[in-house]
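K.L.:
Chains as they are written, first to last, in our numbering: chain U, 121 to 236; chain L, 1025 to 1136.
Bear in mind the hints are in silico, worked out from the structure with no lab data behind them.
Hints are all accurate, no fakes.
Under the rule of at most 25 Å between Cα atoms (straight-line distance), these lysine-lysine pairs were calculated in the PhoX-like manner:
#, chain 1, residue 1, chain 2, residue 2
1, U, LYS169, L, LYS1060
2, L, LYS1062, L, LYS1043
3, U, LYS197, L, LYS1065
4, U, LYS228, U, LYS197
5, L, LYS1043, L, LYS1060
6, U, LYS197, U, LYS172
7, L, LYS1033, L, LYS1046
8, U, LYS197, U, LYS169
9, U, LYS188, U, LYS176
10, U, LYS228, L, LYS1065
11, L, LYS1064, L, LYS1046
12, U, LYS228, U, LYS188
13, U, LYS197, L, LYS1064
14, L, LYS1033, L, LYS1065
15, L, LYS1065, U, LYS169
16, U, LYS180, U, LYS197
17, U, LYS228, L, LYS1060
18, U, LYS180, U, LYS228
19, L, LYS1060, L, LYS1042
20, U, LYS176, U, LYS197
21, U, LYS228, L, LYS1064
22, L, LYS1062, U, LYS228
23, L, LYS1065, L, LYS1046
24, L, LYS1077, L, LYS1042
25, U, LYS169, L, LYS1064
26, U, LYS169, U, LYS228
27, L, LYS1060, L, LYS1046
Computed beta-carbon distance windows for the label pairs:
#, chain 1, residue 1, chain 2, residue 2, range
28, L, HIS1103, U, GLY198, 48 to 58 Å
29, L, TYR1075, U, THR146, 25 to 35 Å
30, U, GLN165, L, GLU1068, 10 to 20 Å
31, L, GLY1038, U, THR144, 38 to 48 Å
All C-beta atoms in this analysis are idealised placements derived from N, C-alpha and C, irrespective of residue type, glycine included.
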Amino acid sequence: GDSVTQMEGPVTLSEEAFLTINCTYTATGYPSLFWYVQYPGEGLQLLLKATKADDKGSNKGFEATYRKETTSFHLEKGSVQVSDSAVYFCALSEVGSGGGADGLTFGKGTHLIIQP
Amino acid sequence: DTEVTQTPKHLVMGMTNKKSLKCEQHMGHRAMYWYKQKAKKPPELMFVYSYEKLSINESVPSRFSPECPNSSLLNLHLHALQPEDSALYLCASSRPGGETQYFGPGTRLLVL
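With the sequences and hints as input, model every part of the structure.
P.N.:
The following block contains the structure:
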């Protein structure tokens, strides 16, 4: 079955540091890849996505590139802020059997803490 | 607009109560989902509705009963829950076929 592996953390960085959160996946077909962010006490917000190999998703200074050859989708940001403190989930989706909708497969989540 | 709304935000119920969670979206999405999330864990899929029909049930106990009355609404009926069912319940919607899922803010449920 499909699976997603990501570093769990917590990851603690100082403000303005460079961020990388690693994510690798296994899938039977050609999945779409996502990063979701969850702030304390809230639901999941879509941060960025990529639907095919070599696509780069970007949003709010975050970037991730769909690398089929290494089955990876690492999240990066050049200069983090205290407001980026949250839990980040890497996820994939594939078309379900019969062509219908299917649930997301999530990594375990990475708790990011940014200190001033 | 990519908004999914959920009510109530918080719910406390006893083990003999019956309650319902509600989810609504107006993005024209024809796939809707219920997930359960325990603290410090990723969401776990419970149910998928596609074109208002239940297409996936991840072996969820019968004390959870989903309902999709129309293409915009999704309910989760709760009855005789256990304390271990306390969690954040998240609703999501998407176009069918592996498309991006948009999540609501969740209902935080406490079962006493």
